[in-house]
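In terms of my numbering, the sequence shown opens at residue 1 and continues consecutively.
No lab work stands behind these hints: they were computed from the structure.
Treat the hints loosely; a few may be bogus.
[To be verified] Subject to a maximum C-alpha distance of 30 Å in a straight line, what follows is the list of computed DSS-like cross-link-like pairs (lysine-lysine):
1. 56 / 33
2. 67 / 33
3. 56 / 67
4. 33 / 61
[Claimed, not checked] With beta-carbon atoms standing in for the labels, derived distance ranges:
5. 57 / 193: 18 to 28 Å
6. 107 / 131: 16 to 26 Å
7. 92 / 16: 32 to 42 Å
8. 85 / 51: 39 to 49 Å
No residue lacks a Cβ here, since even glycine has one placed at the ideal position from N, Cα and C.
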Amino acid sequence: MTRAAARKPVVRLAREQRVDEILQAARDVFCGKGYEAAAVAEIAARMGVVEGTIYKYFASKRELLLKVLEHWYEEMFGDYARDLAGVSDARGRLRLLVWRHLRSIRDYPLLCRLMFREVRSEQDYHGSELHDLNRRYTQLLLDVVEGGMRSGEFRGDLPATLLRDLVYGGIEHGTWNYICGRGGLDIDALAEQLTAVLCEGISAPAQGGGLKQEMERLSQIASRIEEALPKK
1 MTRAAARKPV VRLAREQRVD EILQAARDVF CGKGYEAAAV AEIAARMGVV
51 EGTIYKYFAS KRELLLKVLE HWYEEMFGDY ARDLAGVSDA RGRLRLLVWR
101 HLRSIRDYPL LCRLMFREVR SEQDYHGSEL HDLNRRYTQL LLDVVEGGMR
151 SGEFRGDLPA TLLRDLVYGG IEHGTWNYIC GRGGLDIDAL AEQLTAVLCE
201 GISAPAQGGG LKQEMERLSQ IASRIEEALP KK
């Protein structure tokens, strides 16, 4: 092996380490100051380097913000596949995804606020790597809902995408005060409540239906009333 070839992995490792350091420093500054008030110079100062060092790796502050959020999304994927594989029923899998999403919001409310306020509504979001990561992330829930429909646990006459939007829209609305620094967040209680509301609405009707049983019960009551009436 030549000396130049031996140096390549070392150079690559050094670059990856430097990028990770920049992303961590940027994450701290963005969360502390918000996007607009954050300065690249402050990110560099936190690392003990000159501002130009940041621009060697990232073309702009905007690109840096997007990369910070991409890195966060990759963290959120975690061990989803393994955890989901350990839950057999669709309702349990749905609750797990709701709870995991709530945990991310509880643990990283400032990153959520950056995503909602600074990125999601901007033109450079759609079609971006971050947008693709978000689609892959929400696809996990779509897969669980569609699997529940195929197994008969969930109703099959509702669009799975509508249910996905209800989940994430409901979570965002229900946690907004917490994201903005107002009040607490009980993720266990909220996950149970959201799952209950969703599953009561999308559970498949029981075989034979409760309606038939109710009609039989009413018929029996009517018969008893009729028997108790005075004979003409």
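Hints versus structure:
1. 56 / 33: 23 Å, holds
2. 67 / 33: 17 Å, holds
3. 56 / 67: 15 Å, holds
4. 33 / 61: 13 Å, holds
5. 57 / 193: 18 to 28 Å: Between residue 57 and residue 193, where Cβ atoms are some 44 Å apart, the hint is violated.
6. 107 / 131: 16 to 26 Å: 23 Å, holds
7. 92 / 16: 32 to 42 Å: Roughly 38 Å apart at Cβ, these two residues keep to the hinted range, so it holds.
8. 85 / 51: 39 to 49 Å: At 46 Å between Cβs, range holds.
Going down the numbered hints, you'll see the structure goes against just number 5.
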